[in-house]
Amino acid sequence: MKKYSFIALILASLLFSSSSLFAQKGVAKLNLEWNAGLPLGNFKNNYISNGSLRGFTGDVTVGLNNQWALGLGFGTQDFYQKYPMATYDLAPNQQVSAVVTNSIQIMPLLFKAMYTPFQGSTHLIQPYATIGAGIAFVNYNQYLGEFSSNNTPKGHFSAMADGGIMIPFNKYNSNTAFQLGASFQYVHFNQPDAMALNTANIHAGFIFRLR
Amino acid sequence: MKSFLQKIKWFVLPIFVLVSLQSCTKNVVNNLSTDETRMYVTQFDSTAQFNRYKTFSISDSITVIDNGQYYKTLTQTSQAFKDAIVKYMQQRGYTLVNKSSSPDLGIDVSFINNSSTSVIDYSSYWDYYGGYWDPSYWGYGYGGYGYYYPDSYGYYQINQQALSIDMLDLKNAAANNQIKIIWNGLIKGEGIDDATTADSQISTLFTQSPYLKAQ
Numbered sequence: 091m092k093k094y095s096f097i098a099l100i101l102a103s104l105l106f107s108s109s110s111l112f113a114q115k116g117v118a119k120l121n122l123e124w125n126a127g128l129p130l131g132n133f134k135n136n137y138i139s140n141g142s143l144r145g146f147t148g149d150v151t152v153g154l155n156n157q158w159a160l161g162l163g164f165g166t167q168d169f170y171q172k173y174p175m176a177t178y179d180l181a182p183n184q185q186v187s188a189v190v191t192n193s194i195q196i197m198p199l200l201f202k203a204m205y206t207p208f209q210g211s212t213h214l215i216q217p218y219a220t221i222g223a224g225i226a227f228v229n230y231n232q233y234l235g236e237f238s239s240n241n242t243p244k245g246h247f248s249a250m251a252d253g254g255i256m257i258p259f260n261k262y263n264s265n266t267a268f269q270l271g272a273s274f275q276y277v278h279f280n281q282p283d284a285m286a287l288n289t290a291n292i293h294a295g296f297i298f299r300l301r
Numbered sequence: 531m532k533s534f535l536q537k538i539k540w541f542v543l544p545i546f547v548l549v550s551l552q553s554c555t556k557n558v559v560n561n562l563s564t565d566e567t568r569m570y571v572t573q574f575d576s577t578a579q580f581n582r583y584k585t586f587s588i589s590d591s592i593t594v595i596d597n598g599q600y601y602k603t604l605t606q607t608s609q610a611f612k613d614a615i616v617k618y619m620q621q622r623g624y625t626l627v628n629k630s631s632s633p634d635l636g637i638d639v640s641f642i643n644n645s646s647t648s649v650i651d652y653s654s655y656w657d658y659y660g661g662y663w664d665p666s667y668w669g670y671g672y673g674g675y676g677y678y679y680p681d682s683y684g685y686y687q688i689n690q691q692a693l694s695i696d697m698l699d700l701k702n703a704a705a706n707n708q709i710k711i712i713w714n715g716l717i718k719g720e721g722i723d724d725a726t727t728a729d730s731q732i733s734t735l736f737t738q739s740p741y742l743k744a745q
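So the protein lines, in turn, are chains Z and G. Quick note: the first sequence uses our numbering, first residue 91, plus one each step. Quick note: the second sequence uses our numbering, first residue 531, plus one each step.
Bound conformation, chain Z alone:
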C-alpha cells in the first residue's frame, strides 16, 4: 500500500507541479495538425453531409507569458459530396438531370488567442483553450456532371473555439509537444439555404519551437 501511495505521489507531482522551468514568453511556436471536419446544421442539411478527413490546421503563436499566446491560425478543409443522378427544375419550363457534386474548401486565416494554464510547468498533460476570429476563404463549386459553377473563392467572417491537450516531449520543455483537440468553427456564408458553414473538428499534430 505504501508503495502505491508513493507512486501516486510521484505521478501527482509530475502532473500538478507548477515549477516554471521553461517559460514561453517571447517564444514563437509552429503548430501543424491533421484535421477532420464534420459539417453541421444547414451546411450538413443543404450542401454536404459527409465528413472530411482531408484537412490541415495550424498556427504560429508568440507567447506573451506562460498562460497566454497570440498568433495567426491557418488551415484548409476540403468537403466533397457526390449525389446520385436526379432531375432538378431550373425554371418552370426547364429541367436538368445530372449527377450533382458539391465541392467546398474552407481556408481560414484567423487571429488567435491561446490560454495554457500549466504552460511552463512539468505537467505531463497540459490543457489549452483557444479562441480565434478572422476571415475564411470559401471556395464553393457545384458541378452538374462535369460542369462547374466556376465560382471564385470569397472571404467570409469566421470565428472558432478550440480546446484540447498538449503532451510535451520533454517534461522540462513544453514548447515542443503533441497536441490533440476538438474545435467548433463558424463561417458566415449568407446564403438562403445556409447562413453559416459550421463545422465540428478534431485535430492532432505537433507543436514545434521556431525561436
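Everything labelled a hint here was simulated from the structure, so no lab data went into it. These numbers were taken from a predicted model, which means no experiment stands behind them. Note that the Cβ used here is the ideal one computed from N, Cα and C, for glycine as well. Take every hint as true, because none was put in to throw you off.
Taking beta-carbon pairs under 10 Å as the criterion, some of the chain Z residues facing chain G (in silico):
| hint | residue |
| --- | --- |
| 1 | T166 |
| 2 | D168 |
| 3 | N229 |
| 4 | S238 |
Chain Z is already provided as a structure; the job is to place chain G on it using the hints.
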C-alpha cells in the same frame, strides 16, 4: 532587407503552407464515370399543348457542327440516336409518318463538336439554326419562314461535345408563319457519341419530360 524578411517570415509561412495544402482538394471530375459527366437539359415552350400533336417525322440525317463547320451525316451512332428518339416518341403515343405526310411535329438532331479551347454559346446555335436546318427540308422553304425559339430557353456554353434534339411545330407553321421550336433536349458531357448508350441518353431526356404525350 534581411531583417525585413526575418520580421515577416512568421506571417509568410502560414500563407505558404495554406497554398501548399490547397493541393489536397479532391478532384471532382476525376471521380466521375463517363456517364456521370453528362448533364441532360430539356426545355419547352410553355404555350405548347403537346397532346394536340399526333404525328411526327424525324430528319433522315443529323447535322454535325464541327468547330464552326457543319455537314449532314448518318452513321451507325446517329442512327442509334434516331432509333431511340422514334422509340420513345412512339411510347408516348405519337405516330411516326413520312415527312411528305404533313407530320404535326418535326425532329432535328444536331451533334456539336468543339475541340477548340473556346466555348460555343448555345445562343449562337439558335442564331444559325436556319443554316443548319433549312426550313425547305420540312416543306417551308418558300415565303420567308424562319425558326422561333422561346426567350425563356437557357443559353448553355458548349466546350466539348453536345447533342441537341429539337422538336418543331409543323402543324401550326403556316398559321404562325414561322416554325416554332417547342421542345429542346440538350446532352452535354463526355462520351455522348456512343451508339451503345444512345438509348439510355434519350431515355433520360424523355423521362424528365413527362408532358410529352399525345393523349
